[in-house]
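Peer 1: Below are the chains, spelled out letter by letter.
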Amino acid sequence: MATEEREEAAAPRLVRPYALTSGRTESAVDLPIEATLEVQPSAKTATWPEGDLSGRIIELCAASQSVAEVSAKLHIPLGVARVLLGDLISAGHLKTRATISENTTTDERRDLIERTLSGLRAL
Amino acid sequence: MDYAPSNRNSASTKIVVAGGFGVGKTTFVGAVSEIDPLRTEALVTQESEGQDDISKVQSKHTTTVAMDFGRITLAENLVLYLFGTPGQRRFWFMWDDLVKGAIGAVVLVDTRRLDDSFAAVDYFEAKGLPFIVAINQFDDAGQFGPDEIREALAIPSHIPVITVDARDRESAKHALVRITEFALTQLTSVPATA
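As you go down the protein sequences, you meet chains E and D in turn. For the first sequence, the working numbering assigns the number 1 to the initial residue and increments by one for each residue that follows. For the second sequence, the working numbering assigns the number 124 to the initial residue and increments by one for each residue that follows.
Quick caveat, the hints were computed from the structure, so don't treat them as lab data. This structure is a prediction, so every number in the text was calculated from the model and none was measured. Check before you lean on any hint, since a few could be wrong.
[Claimed, not checked] Rough simulated footprint, nothing fancy, chain D against chain E, three-plus residues with beta-carbon under 8 Å:
#, segment
1, 34-46
2, 64-75
3, 91-100
[Unchecked claim] Take a look, some chain E residues computed to stay more than 10 Å from chain D by CB distance:
#, residue
4, P17
5, S22
6, G23
7, E26
8, L53
9, S54
10, I58
11, E59
12, E114
Beta carbons are placed, not taken as given, at the ideal position from N, Cα and C, and that holds for glycine.
Let the hints inform the model, and build the full structure from the sequences given.
Peer 2: Encoded structure:
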């Protein structure tokens with residue numbers, strides 16, 4: 001299981017990733033790791049400098065992607081991805097789709113779990 | 124964000140795959156995921172003690188904790204993510220982030236290293252997250268059945284203990300069906316106060 005062995009190798013980093021967020025480590029919005037993002041119309045008219053991470057996030061999210069996928073595919077740590085995504089959500093360029101949260105009622109939870117179950121059975 | 128069932132909005136959810144180091148978490152995720160497992164990293168700042176013997180000065184190190192995950196599109200408007208937990212015990216605080224909002228967890232067990240499974244079982248019991256125990260059938264593992272493992276790990280009788288071949292798609296899929304079914308029964312047996 002070579003892929004899992006790498007998980008134990010916690011190596012010091014040479015870069016300072018939070019420079020990408022001007023040092024901010026807290027996201028403006030609560031972002032579950034599995035939450036998927038939907039690009040909003042305002043993002044289509046907004047422009048970002050070439051190579052700017054926000055622009056790359058918007059491009060990536062054209063195909064529905066989760067917070068975890070944005071982090072993995074752009075090779076940025078989870079916390080950094082959350083801050084950048086939080087900014088884009090606050091600016092109205094992205095919206096999160098539903099997940100199970102503290103505010104989810106039991107009926108809503110049951111509905112989502114039932115849909116998951118029938119989806120898994122049909123695989 | 125709240126989940127609105129009335130209009131069947133697009134949603135995503137997750138199941139956590141836990142267990143000790145080398146138990147086959149990433150193999151399991153890879154067996155059912157529609158994408159090759161991806162890796163996300165979180166940064167952790169740690170006070171390190173005694174590592175710098177010359178200066179005896181405490182220093183702060185930023186290390187990364189990796190989590191592998193996969194994705195299954197279950198319907199046009201529903202995506203399931205599978206997250207493998209970081210194995211090292213000192214990174215367990217990361218689990219809190221992972222289990223929040225999860226349907227449940229599959230605890231993979233290697234019968235040769237049962238000790239590694241105790242901690243995961245304890246954790247999910249303490250968190251009240253529905254979980255099942257799945258014994259990964261390694262070729263060279265001993266012939267311990269679910270009953271023996273249930274007893275060895277002191278798993279309550281209502282919690283499913285199954286066998287799984289983490290390399291096999293159908294087997295991994297079956298484990299996901301079982302945890303989802305179990306999560307559903309737990310939901311109906313718990314008063315609606317959550």
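Peer 1: It remains to establish, for every hint, whether it holds in the given structure.
Peer 2: Verification of the supplied hints:
Check result for the segment 34-46 of chain E against chain D: holds, 4 residues qualifying (beta carbon to beta carbon below 8 Å, three or more required). For a cut-off of 8 Å, the count of residues in the segment 64-75 of chain E with a CB near a CB of chain D stands at 7, and the three-residue condition holds. Three residues within the 8 Å Cβ limit are the bar, and the segment 91-100 of chain E against chain D gives 5, so the coverage statement holds. The beta carbon of E/P17 sits about 6 Å from the closest Cβ of chain D, which is not more than 10 Å, so the claim that it is off the interface is violated.
At the 10 Å boundary, the C-beta of E/S22 stays outside the reach of chain D, the nearest C-beta of that chain being 16 Å off. Every C-beta of chain D lies more than 10 Å from that of E/G23, the closest at about 13 Å, which supports listing it as non-interface. At the 10 Å boundary, the C-beta of E/E26 stays outside the reach of chain D, the nearest C-beta of that chain being 13 Å off. Distance check on E/L53: its Cβ is at least 15 Å (rounded) from any Cβ of chain D, clearing the 10 Å threshold; non-interface status holds.
The claim that E/S54 is not at the interface with chain D holds, since no C-beta of that chain comes within 10 Å of its own (minimum 19 Å). Its beta-carbon lying about 18 Å from the closest one in chain D, E/I58 satisfies the requirement of being farther than 10 Å from that chain. Non-interface status of E/E59 relative to chain D is upheld: no Cβ of that chain comes within 10 Å, the nearest being about 17 Å off. Distance to chain D contradicts E/E114 as a non-interface residue, since its nearest Cβ pair spans about 7 Å, not more than 10 Å.
Consistency with the previously given hints fails for numbers 4, 12, ordered from lowest to highest.
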